[in-house]
Amino acid sequence: MMSNTATFIGMPPFPIAARKALADSQLRGNIRNATHTIRAKRAHVCGELDDFEQLRQAGADIKDDVLRNLGRYLEQVEESLTAAGATVHWARDGAEANKIVVDIARRHRVDEVVKVKSMATQEIELNAALEAAGIAAWETDLAELIVQLGHDLPSHILVPAIHRNRSEVREIFLREMGKVGMPAEDDLSDDPAELAGAARRHLREKFLRAKVAVSGANFLVAETGTLVVVESEGNGRMCLTLPEVLISVVGIEKVVPTWTDLEVFLQLLPRSATGERMNPYTSTWTGVTPGDGPQEVHVVLLDNGRTKVLSDEVGRQALRCIRCSACINVCPVYERTGGHAYGSVYPGPIGAILTPMLRGVGADEQTDSLPFASTLCGACYEVCPVLINIPEVLVHLREKVVDSHRGGVPGALQAAMTGASWTFGNSTRLGVLQKLAGLSSAVIGRRGLIGRMPAPLSRWTDARDLPAPPRESFRRWWARTDAGRRDTGGHPQNTRKGLDDK
Amino acid sequence: MKAREEILSRVRSALVAAPRATDPGGDGIRRDYAHVRDLTDQLTLFVERVQNYRATVIRTDPDGVTAAIAKGLAGARRVVVPPGFNRSWVPEHLDVVQDEPALRADELDTVDAVLTSAAIGIAVTGTIVLDHTQGQGRRALTLVPDLHVCVVTADQIVGDVPEAITALSSAVHSRRPLTWISGPSATVDIELQRVEGVHGPRTLHIVLVE
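Taken in sequence, the protein lines are chains L and W.
Using the working numbering, the letters of the first sequence correspond one by one to residues 1 to 502.
Using the working numbering, the letters of the second sequence correspond one by one to residues 1 to 210.
It is possible that some hints are incorrect.
[Unchecked claim] To be clear about the criterion: a stretch of chain W counts as covered by chain L if any three or more of its residues have a C-beta under 8 angstroms from a C-beta of chain L, and this derived list gives those stretches:
| hint | region |
| --- | --- |
| 1 | 2-14 |
| 2 | 105-115 |
| 3 | 124-132 |
| 4 | 177-183 |
| 5 | 186-192 |
| 6 | 197-204 |
Simulated from the structure, these hints should not be mistaken for lab results.
Think of the CB as a built atom: it goes at the ideal place given N, C-alpha and C, for glycine as much as any other residue.
Between the sequences and the hints, there should be enough to build the whole structure, so can you do that?
Quick look at the structure:
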C-alpha cells in the first residue's frame with residue numbers, strides 16, 4: 001500500500017518552523033481570513049447568553065471535580081459501559097491503543113475502516129498503524145479528507161485544512177479522489193458547495209459498505225456510560241450508525257460525572273468552537289442499542305501522557321480542555337504562523353502547553369520550544385470556556401524547560417542570553433556595544449527595523465523584527481549634554497516638542 | 001501490571017499532593033447559571049432560530065398536519081415512515097416504504113425522504129431531538145435519505161439546553177441513543193464559508209403543530 005500518512009515527527013523547533021510559515025503570504029492570508037471570521041461569530045453568540053460567565057465557571061468546576069476524583073470516575077464509567085454492553089479497553093500509550101484497534105479490525109477481517117474526526121486518534125497516529133497492518137483508514141470529515149488526500153498535516157483542531165483555500169482544495173480533489181475511490185467530476189469548480197458535494201459522493205460508497213468505524217468522543221458520562229460526539233456534517237452519524245462495529249478512542253480526561261453536566265458543556269462547546277448556538281448534529285449512545293446501529297461497541301480509555309499532565313499541579317488545568325479551539329482563533333501568534341509551526345496535532349496556545357506536558361519537558365528541542373511560542377498577551381485565557389489560565393501554565397513550563405537544561409550543554413539561544421548578561425553586567429562593555437550598535441547601520445533595514453542578524457543573534461531575529469536603535473545611546477547623550485542640561489537637540493528621542501518645553 | 005491497574009495507579013500517584021475532594025460532584029461546583037430561560041414567545045423564537053440555520057418551519061393547526069407534511073415532502077416519491085408514526089397524518093398519494101424488516105443501508109440510499117416525529121424541540125438553539133422511540137425510527141432512517149420532514153408539537157418545545165437535558169434524562173438512563181439536529185448538515189471546512197448539506201439530509205422541514 002502507498003504510504004499516505006504524513007507525520008509531525010522530526011519537525012524543527014517553533015522559531016524555525018515559524019520563520020518558514022511567516023514567509024508564506026498565501027498561508028497567512030488564508031488563516032487571517034478564517035480566524036477573524038470565526039472570532040466575530042464566537043463573540044456574538046457567547047455575548048447572547050447573560051450567564052455565559054457562570055457557565056464557564058461551572059464548566060471549570062465540573063472538570064476540576066473530574067480530575068480530582070479521576071480514578072473513581074474511571075472505575076464508574078467502566079462499570080456503566082460494561083453494563084450497557086460495551087467492551088472497555090485500557091491503553092497506557094498510543095502504541096497500546098493502536099494495537100487494540102488493529103486487533104479488533106483484524107478479527108473482523110476488514111481491509112478498511114471509516115473514521116470520525118478525532119484528536120485522540122491523530123495524537124496516537126492511528127492511521128499510520130492501521131496502514132502498516134494493511135488496513136486503510138478513511139477520514140470522513142471534509143477537512144480531514146482534504147488533509148488526507150493532500151498527504152498533508154492538520155493545522156487546526158476544528159478546521160484542520162484552514163491553511164488551504166478553495167482552489168487548492170479543488171486541485172487536491174481532482175488529482176487524488178480517483179486514486180482511492182470515486183473520482184471528482186472533471187468540471188468540478190472551486191465553489192465550496194460543489195466541493196462539499198464532491199466529498200459527499202466520494203464518501204457515500206465508503207459509508208455504505210464500511211463494517212468497522214473508529215471515532216473519538218467529546219464527552220463520556222460516568223454515571224450512564226453515554227458517549228457524546230458533536231459534529232456538523234453528518235459524517236459522524238454515518239460512522240456511528242451504519243457499521244457493525246464501533247471503536248471509540250477516548251482520552252481519560254473526557255469523562256464527565258453525570259448526564260446533567262452536559263447542560264453546561266453543550267452550551268459552552270458549540271458557541272466557543274464554531275460560533276453557533278448549536279452544532280448541526282450531536283449523537284449520544286450508551287453501549288449497544290438492539291436493532292439500531294453497531295452491535296459491537298468498544299471503548300478504548302487512553303492515557304498517553306495524560307496522567308503526567310495530571311501530576312503537574314499548575315499544568316493539570318489543561319486537562320479541562322474541551323477542544324473548542326477558541327484560544328487558537330484569537331491567538332496573534334497562531335494567526336501569523338498557522339498550525340504546522342507547532343509541530344503537533346495540538347497547535348496554538350493550548351498546544352503550546354498540552355504538547356510539552358504530554359510528551360514531557362526536556363524530551364526534545366522542538367517540544368521545549370513550544371512554551372516560548374507566545375507573547376503572553378492573555379487573549380486565550382479570556383475566551384477559554386473552561387477558564388484554563390494558559391499564560392500561567394506557559395510561564396510555569398518555561399521555568400521547567402530552563403530548569404531541565406541547567407547543567408547541560410547550552411543551546412544557541414542560551415549562549416546569546418549568556419552574552420547579554422556579560423554585556424549588561426558591566427557598564428563599559430555595554431557602552432562599547434551600544435556605540436557599535438548605533439553605528440552599525442548595515443543591519444538596519446529601510447523601515448528603521450533590524451532584520452536578520454548573524455548567528456547567534458539570528459536565533460532571536462529570525463522570527464522577530466526589532467526597532468532600530470537610536471543613532472546615539474542614552475548613556476552617550478547623558479554624558480554629552482550633562483544630563484540634558486546642555487541639550488542641543490541631537491538625541492532623536494529628545495526632538496519632540498511637548499510638555500517638557502518650558 | 002495490566003494497563004488498567006497501571007493507569008489507575010498513575011492517576012492515584014499524580015493526585016497525591018492534590019487537595020482531596022471529599023464529595024465527588026458535590027458542593028465545590030458552582031451552578032449559578034440559568035436553569036430555565038425566561039422567554040416571552042418560545043414558539044416564535046423556536047421558528048426563528050430553526051430558520052436561522054436554514055431549515056424551514058411549516059406552522060399548522062392539528063387539522064392541517066397532513067397538508068403541511070405533503071407540502072414538506074413535495075417532489076419526493078418514495079418515503080420511509082418508521083413504525084409508530086401517526087398513520088392518520090400520512091398523505092394518501094405517498095409511496096410509503098416500511099422499515100420492517102430493517103432496510104439495508106444501500107436500500108435506504110434509494111429512498112427520497114423520511115418522515116418522523118421527534119422527542120422535543122429547543123427554542124433558543126433551534127434544535128429538534130430524536131430519542132428514536134415510536135414514530136422516529138432507528139438512527140439510520142433520518143440520516144441516509146436526502147430530505148427529512150419532522151413533525152413536532154408545540155407542547156414538545158422547551159426553552160434552552162438545561163431544560164432539554166432534563167427532559168431527555170429518562171431516555172438516556174434507559175440507554176436510548178439520541179440525535180440532536182440543528183438545521184440540515186453543514187460544513188465550514190473550506191475557507192470557513194458555511195455550506196448546507198454534506199452527508200446528512202440536505203433539506204430539513206419541520207412541521208410545527210400548534
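Hints and how they fare:
1. Judged by the Cβ-Cβ criterion of 8 angstroms, the region 2-14 of chain W is covered by chain L as claimed, because 11 of its residues qualify and three suffice.
2. Counting residues of the region 105-115 of chain W whose CB lies closer than 8 angstroms to any CB of chain L gives 3, so the stated coverage by that chain holds, three being the minimum.
3. Counting residues of the region 124-132 of chain W whose C-beta sits closer than 8 angstroms to any C-beta of chain L gives 5, which meets the bar of three, so the coverage hint holds.
4. Here's how the region 177-183 of chain W fares: 7 of its residues keep a CB closer than 8 angstroms to some CB of chain L, so the rule of at least three is met and the hint holds.
5. Using a Cβ-Cβ cut-off of 8 angstroms, 7 residues of the region 186-192 of chain W lie near chain L, which meets the minimum of three, so the contact claim holds.
6. With a cut-off of 8 angstroms between beta carbons, the region 197-204 of chain W has 5 residues touching chain L; three or more are needed, and the interface restraint holds.
Against the hints set out earlier in the document, no violation occurs for any number.
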